[in-house]
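Asks: Residue strings, one per chain:
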Amino acid sequence: QKEVEQDPGPLSVPEGAIVSLNCTYSNSAFQYFMWYRQYSRKGPELLMYTYSSGNKEDGRFTAQVDKSSKYISLFIRDSQPSDSATYLCAMSVPGNQFYFGTGTSLTVIP
Amino acid sequence: GAVVSQHPSWVICKSGTSVKIECRSLDFQATTMFWYRQFPKQSLMLMATSNEGSKATYEQGVEKDKFLINHASLTLSTLTVTSAHPEDSSFYICSASPQTGVGTDTQYFGPGTRLTVL
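Chains A and B are the protein sequences, given in the same order.
One point on numbering: in the numbering used here, the residue at position 95 of the first sequence is 95, and numbering is uninterrupted.
One point on numbering: in the numbering used here, the residue at position 59 of the second sequence is 1059, and numbering is uninterrupted.
It is possible that some hints are incorrect.
[Claimed, not checked] With a cut-off of at most 20 Å between alpha-carbon atoms, the simulated DMTMM-like pairs for lysine to aspartate or glutamate come out as follows:
1) A:K42 x B:D1065
2) B:K1041 x A:E45
3) A:K2 x B:E1059
4) B:K1066 x B:D1088
5) B:K1041 x A:D7
Just so you know, these hints were derived from the structure itself, not from any lab.
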């Protein structure tokens, strides 16, 4: 079983829709949870960074962590064509051991 | 804040030559830097982890003599692809973890370097 599982998609939604992206994990030692956005031929950009369980909101983006279910989500409200990208979840244990999901490809159709 | 740069952004070279890629953390000091490789439409593949002043730790299957990594300072790491061949053509991305403060347990990525070996 992989440490981090992420549905690769592709996911296609109309502009203005709410997008839900998810990852599951198996290692209960993970404490830090991240979401990255990667445009084609660019390096990943850190979108959200959370510690332990709970919600974190930043503009149209909400990150949710449920440690009891080993499940994290990223919600994008009022999705825009510029949100079209690959979204990677990532998790780490203290001491710089990181694990990445395989990424979900999202297309927002105008 | 937390900006990582890479140079060059793209490079084309002849088979057999060596190519050096620089990775710099511009506004923070990085205890640890990472080097990844990414093929089209595929996920990141970690190649090696480097800590300032010590030898890099390479992932299984990555040839350390082919991919030389030097982490000479808290803001600079370099990856040298030695005797490059067409199969080394790929997108190389570095990342860095801050030494102190918020974000020490996350990674900030550079924009990537596209290497094409003819």
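Asks: Of all the hints numbered above, which does this structure not satisfy? Sort the numbers upward.
Replies: Violated hint: only 1; rest satisfied.
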